[in-house]
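Q: Next come the chains, spelled out residue by residue.
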Amino acid sequence: MIPMLMGIDIGTSACKVGVFNTDGVLVASATKPYKVYYPQSGWAEQNPNEWYAAICQATQEVCAKVGSENITAVGIDGQGWSAIPVDKSGNVLDNTPIWFDTRANEECAQMLDTIGFDSLFAVTGNPVTPSYSSPKIMWLKKHKPEIYAKADKFLQSNAYIAYKLTGNFSQDKSQGYGLFFYDMNSCTYNADMADKMGLDLEKFPEIVDCHAVVGTVTSTAADETGLKPGTPVVAGGLDAACGTLGVGVCRPGQTQEQGGQAGGMSICVDSAKAHPKLILSNHVVPDLWLLQGGSVGGGGTIKWFSEQFGKAFDDGSGKNLLKLIDESAAKISAGSDGVIFLPYMAGERSPIWDTKAKGVYFGLSYDKSIAHMARATMEGVAYSLLHNIETAAEAGVTIDCMYAMGGAANSRLWTQLKADVTNTTIYVPDSDNASTLGACILAGLGTGVYKSCADAVDKTVSVKREHIPNIDNHKKYQQYFPIYKELYEDLKDTYAKLNNINL
Amino acid sequence: MKYVIGIDLGTSGTKTVLFDTLGNVVASHTVEYPMYQPQNGWAEQDPRDWANAALETLKKVVSESGVDNSDILGIGISGQMHGLVMLDENGDVIRNSIIWCDQRTAKECEEITQRVGAKRLIEITANPALPGFTASKILWVRNNEPQNYSRCRKILLPKDYVRYILTGEFATEVSDAAGMQLLDIGKRCWSDEVLEKLDIDKSLLAKCYESVEVTGGINKKTADYTGLKEGTIVVGGAGDNAAAAIGTGVVEDKKAFTTIGTSGVVYAHASKIAIDPKGRVHTFCSAVPGEWLVMGVTQGAGLSLKWFRDNFCNAEIETAKQMNVDPYYLMDKEVDTVMIGANKLLYLPYLMGERTPHLNSDARGVFFGLSAMHTKKDMLRAVMEGVSYSLKDCVSVLNEMGLEISDMMACGGGGTSSVWRQMLADLYACPVKTITSKEGPALGVALLAAVAAGVYPSVQEACAAVVKVKNEQQPVAENTEQYKKYYEIYKRLYLSLKDDFSALGSLK
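Protein sequences, first through last, are from chains F and G. In terms of our numbering, the first sequence has 441 at position 441, counting the first letter as 1, and numbering is strictly consecutive. In terms of our numbering, the second sequence has 882 at position 379, counting the first letter as 1, and numbering is strictly consecutive.
Calculated directly from the structure, the hints in this document are not laboratory data. Keep in mind it's a predicted model, so treat the numbers as computed, not measured. Among the hints, erroneous ones may be present.
The list that follows gives simulated cross-link-like pairs (lysine-lysine, DSSO-like), each with its CA atoms no further than 30 Å apart [what the hints assert, rightly or not]:
hint, chain 1, residue 1, chain 2, residue 2
1, F, Lys32, F, Lys331
2, G, Lys1001, G, Lys836
3, G, Lys723, F, Lys356
4, F, Lys323, G, Lys973
5, G, Lys987, F, Lys492
6, F, Lys311, G, Lys809
Just so you have them, the derived chain G footprint on chain F, three or more residues with Cβ under 8 Å [to be verified]:
hint, stretch
7, 29-39
8, 356-366
9, 458-468
10, 488-494
All C-beta atoms, glycine included, are put in the ideal place defined by N, C-alpha and C.
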């Protein structure tokens, strides 16, 4: 019998369950959707019971295929910044606001007011944003005090599923950064800070490593999921961090480069090096951290471009439009002859943190074609990546190489020009299931299947392409990048003015 | 019935129209000719092509109309401005004409500025040294083809060369001469100071008339060939834009016209001279005696829409082909479904740099404010609005100079779009109209001939009798308020991005 591991991913629109053998080969998988609720503008909620119900369907399906007795252990990765109130028996007391819910604006302002940015940053190593878990819990305490009072624990997404499987509460380290009283250096709760926020530390579970076994599958959970009773379950962690591990990032200097709907990067570091404009979390790999940048425009920008203008590239060959756009853009020289795109299509996150920012095509002239704009679109996303990397360098963090993740990595052109813009080699792993693979690696590490994460990565992650930077192109991009950065500085007041127009 | 003829010497061809004195078209004929581009940025035409085209089209309209040639009261010639025609002592063409869009003379422009002085140049000629204008072309020939220059005995503008062929007279008139950069615009005569500083012999230049004055009559050779009566009067005529002003009835203060062609222009009539000391707009002599025209130019007007169509709208082009309509018609319909402000998306139409008001060849096109909810339709509307804002910029400069505009005519391809005209009406906050006649410049110079022949006592009265309004779009106050907010942002954007345009420009 080949040992197998199960990874459960709690995404935003669906859950995904994947079973891998210990060589990293996907044996079976299933995806089940669930809903996001938008009760008010700026709010976005999910019902954790619906996550669990969907996961049960998926695990039943997968177990039927591979046999639950063949599954050695289970790992879970989940969306960040949940705040799930549960009572002593683990009943969900309210929907959880999810990662893009911004209702807790006032709580953030209040925190900055009473505690101050510097004190907060010294502990958390992160900027204060309303989407994080602790402001949401403060909001709940203020607006629904009866639920706050009744809550025995507040759980993260993966911890809730781990609880449903094992009956044990946990808080893994990689999700700790969502709590502004989590000390990023010592990886412990800071009681003083929790106190200042008016939050009761008893309501937060014990902090554990992501690969720590939190328990085994209970008989109830076995009935519901089709898993074998007694199967070990590890705490798991943040989806992005698991994905980062799943593409092979497990040593300092290695960096994950993300081109899904959104874009971003996670640099693996060996100490808690923070930057006020970046995000710092524990990696799911023990004793390592991830310094992260998140940009709004990732793969989504080219999807938008293709939806609006794809037809203009259609040559009747029946080829995929994205492929055709790629082919046209590849004919344009590096730097798009001076067309520069700011990919802030829904505001921008790090490092500029401006919700009012918008997309811009700059430098158009009559001799520029739609192919210039296509290439500029890709280059703009690459510049935003470099902008984040450059910001990390301000915190003394440098990168050695990158591992690509997400749909954008399917484009050779796009990946190559990211390598050229950043002057960094990019590896493209041969798997589309990085997050669930990362969760499986944690399960394997916690149960002795792997000696270390590095050992696991060597066994499970294979690289299908390697993009080495072209130095001539890099030099060209270095000329345009300062203009890219300057454009935002020059436009930010006008963004605000545009935003203020009442329709 | 009596008749007048207008000849319009364009860049792609010459169109000659025989009108009755009420401005109705009786016969019309066009002959095309090539443009030569011996090098990138150069543009030349053969003046003999123009002469032949004029003779052919005159012959055709005379014979086709079947009118008695003694009922043809006079002829006016309108033409592309700025082109340089050089004749030797026998009146033969020395070299091809270097025409208005030729860009080879950047160095000569510096030379002119240096010799005359930037401020003085604007004071006298009402314009900064520009490669389009004739003076720099004359200097280019002197600097680069001295043997041609030494043989030169007469310098003429394109339409004036045709006049020479038709009448044997060396003559020009103020509206066209104003585009040579050698005329004292205020005094409406050759500037001895500029000629002296540029070391150009005044005897090379033709006698300069007012546009409605008679400059001569059809000579025997032309009469024999075309069927015109010998001695039929030929009036001064006008440069193409000044002729279009007459043809659209822009002959008194507060009247102006907007042309959306490849570039966009706003022309306003000025009974008193007005010169922008910053050189952002051009002041020319009007074809109305003793009056002026002030012109703002935006480089990428219709060009922007054409660029967008050719790059982004192949679906519209396909559909239009099947429906047998113009793609612009479909694009117009799409634009009309988007609200003012294009969902907070703006476009700067600086695809070719910008003249009015920025005088910046490094300026470039920009889409600003894109978000994932925007569609191609929003971008399309943003393009038309952006061009409209740049035209509004022209109007703003004119306003700054004390020229109020309460009556705007719309011309050119873009002027046929009611959606675009409404944008202009809302932005300008004044009615925007089109006229029934499609013969703008040809009609304009034909009316000058009618005035010279005594059919009408003045240019104004000729226009009042002949020029008829076809469409009239009224500004909607609510829209004007909306556009104001976006126009503020539009203006701000250029200022915000000016340094970035320079930075980009310096990379090449």
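Q: Decide, hint by hint, whether the structure agrees.
A: We went through each hint and held it up to the structure:
1. Simply put, lysine 32 (chain F) and lysine 331 (chain F) have alpha-carbon atoms about 41 Å apart, too far for the 30 Å limit, and the pair is violated.
2. Note on lysine 1001 (chain G) and lysine 836 (chain G): the hinted pairing is violated, with a Cα-Cα distance of about 34 Å set against a maximum of 30 Å.
3. Note on lysine 723 (chain G) and lysine 356 (chain F): the hinted pairing is violated, with a Cα-Cα distance of about 74 Å set against a maximum of 30 Å.
4. With a C-alpha separation of about 50 Å, the suggested pair lysine 323 (chain F) and lysine 973 (chain G) falls outside the 30 Å cut-off, and the hint is violated.
5. Straight-line distance between C-alpha atoms of lysine 987 (chain G) and lysine 492 (chain F) comes to about 20 Å, which keeps the hinted pair within the 30 Å bound.
6. Annotation: proposed proximity of lysine 311 (chain F) to lysine 809 (chain G) holds, straight-line Cα distance about 18 Å (limit 30 Å).
7. Under a criterion of three residues with beta carbons nearer than 8 Å to beta carbons of chain G, the stated coverage of the stretch 29-39 of chain F fails, only 0 such residues being counted.
8. Using a Cβ-Cβ cut-off of 8 Å, 9 residues of the stretch 356-366 of chain F lie near chain G, which meets the minimum of three, so the contact claim holds.
9. Given a C-beta distance limit of less than 8 Å, the hint that chain G covers the stretch 458-468 of chain F is violated, as 0 residues qualify and 3 are needed.
10. Coverage of the stretch 488-494 of chain F by chain G holds [criterion: at least 3 residues with CB-CB distance below 8 Å; count 4].
Violation of the numbered hints given earlier is confined to hints 1, 2, 3, 4, 7, 9; the remaining hints are satisfied by the structure.
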